[in-house]
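**Student:** Please build the complete structure, drawing on both the sequences and the hints.
There are 2 protein chains.
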Amino acid sequence: MSGAFADRLTEATRACGAPLCVGLDPFPHRIPALFGDARGDVGAVEKFSEAILERAAGKCAAVKPQIGLFEPYGPEGFAAARALTAKARTLGLPVILDAKRGDIGTTAEGYARATLGPAPGFDADCVTVNPYLGLDSLEPFLALAEATGKGVAVLVRTSNPGARDVQDLLVDGAPLWTRVAEMLKPTMDRLASGSGWSNLMVVAGATWPEEARRLRTILPTALFLVPGYGAQGASAADALAGLVGGFGGIVSASRSILYPSAATAARTMSDWNAAIDDALLAARTELSAT
Amino acid sequence: MSGAFADRLTEATRACGAPLCVGLDPFPHRIPALFGDARGDVGAVEKFSEAILERAAGKCAAVKPQIGLFEPYGPEGFAAARALTAKARTLGLPVILDAKRGDIGTTAEGYARATLGPAPGFDADCVTVNPYLGLDSLEPFLALAEATGKGVAVLVRTSNPGARDVQDLLVDGAPLWTRVAEMLKPTMDRLASGSGWSNLMVVAGATWPEEARRLRTILPTALFLVPGYGAQGASAADALAGLVGGFGGIVSASRSILYPSAATAARTMSDWNAAIDDALLAARTELSAT
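Just so you know, the sequences run in chain order A and B. What the first sequence shows, in the numbering used here, is residues 1 to 290, in sequence order. What the second sequence shows, in the numbering used here, is residues 1 to 290, in sequence order.
Since the hints were derived computationally from the structure, they do not count as laboratory data. Just so you know, nobody snuck in bad clues.
Pairs of lysine to aspartate or glutamate, DMTMM-like flavour, derived with a Cα cap of 20 Å: (1) K87(B) with D123(B); (2) K59(B) with E11(B); (3) K185(A) with D165(B); (4) K185(B) with D165(A); (5) K87(B) with E54(B); (6) K59(B) with D271(B).
**Tutor:** This is the structure:
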């Protein structure tokens, strides 16, 4: 695969038949003993994550490694996250690095290079960023995305209950997050790609389908990154509310795919492989049927 | 030094005579050749940063390493930032890790452990966090701070021009950042320390002295972290606007202390040392005289 992030994501969605993104969230206490003891050993986390990537290749549209679950292991965790990003790319999986970075000036340039730039950067296809510091804080990411065809995923309306505290405050009668979305309109056009979708992605939690539909009217060609499907309680229909015929975004599932009970109980790798394959198929089927 | 973050910071401010925080922002192209070529070699960044820490010990109230300038070097950069944090603590300098993290649930717990927790974490004394995701996203940091006496520095009103885009939007006639500050009131009391100041810190840019005074009325015992002094254009009087008799916060200076022209032009380590000492003395004098 080559080309712009939006083009690759669209192609990968078509190839796997559903807008499914696998969230690579390695919770140490949920990783089966088959892979070692992840509570103190980043090697177990890495083995588990590699095995997930091997199952996921060709069976989802993208993967989203959560760097915040690797950083507690120190530099070795950071190295493991980078190695897994490289492995995912080798397997043909577009990588959205979930880093939620946000800073200003030269520091923001540093984070942009560290996440989207080539080695020693992560060379991810897209990175999540936080808009609280304003447009100038996003600019180094946007400039790098514009120059390389990579993606930038801006947090707009997240899936957690606390999203209400700041994102829902009313500004001239409209929730703050709609103002953040409007601020991103010029960026959506600036990062347009050949697929018709923009390399600008926005995070819109699956737990708020009405908000997702409203967000779609503000940003018609932005890609949606929809967390909160499955274990966080949102249905497939809710999760797909902001997409357009199953395109124009991806729905992220993590716990339901990484830790189904059949996988957690597995005593052999072949049983574990089969359980993960079943979970991937179930999510794909549910998201493609709606 | 031991005890709560706010107590240590207050004691360090008294000992050095000014609320000066040295921002450890290693810009590769500004690091003198005396330390090697920082553009490709993290070793040069580390040598330079160590030398700055040695000059700063006893001459400032805290240091603020900017992890976003280390991450572009990959795992080695991450390791260097961690080693420098450890060195600063050995030198008796309270460390505010400028990481601006923000995520939810288990991931936020991961970031809290990675930044404030013991090895393999950074074991920093305080960490900067982003409030856009709401109070539940801050909770893992606050819980760890409450249990250990460490500090959490929440971005409220930043010093960059883009701060207007989101932070200044009017909610019921008041800027959004005042609502964020009000949301933090219970936290301020929850993280109270023996010094009378809270282990809750708020970031309030020096470029907005009126906002700083307003923020002080909302959060009377919160510590202020004031960036933007010196190279970003704010005067000492502006920078001190939110403090109380020179206590209750620190003013961060980076470029004016790390890269004064006499240091950049230095041909020997002793000339460089003298130039950095002069810059530290000038900032201390300016901030203590106002």
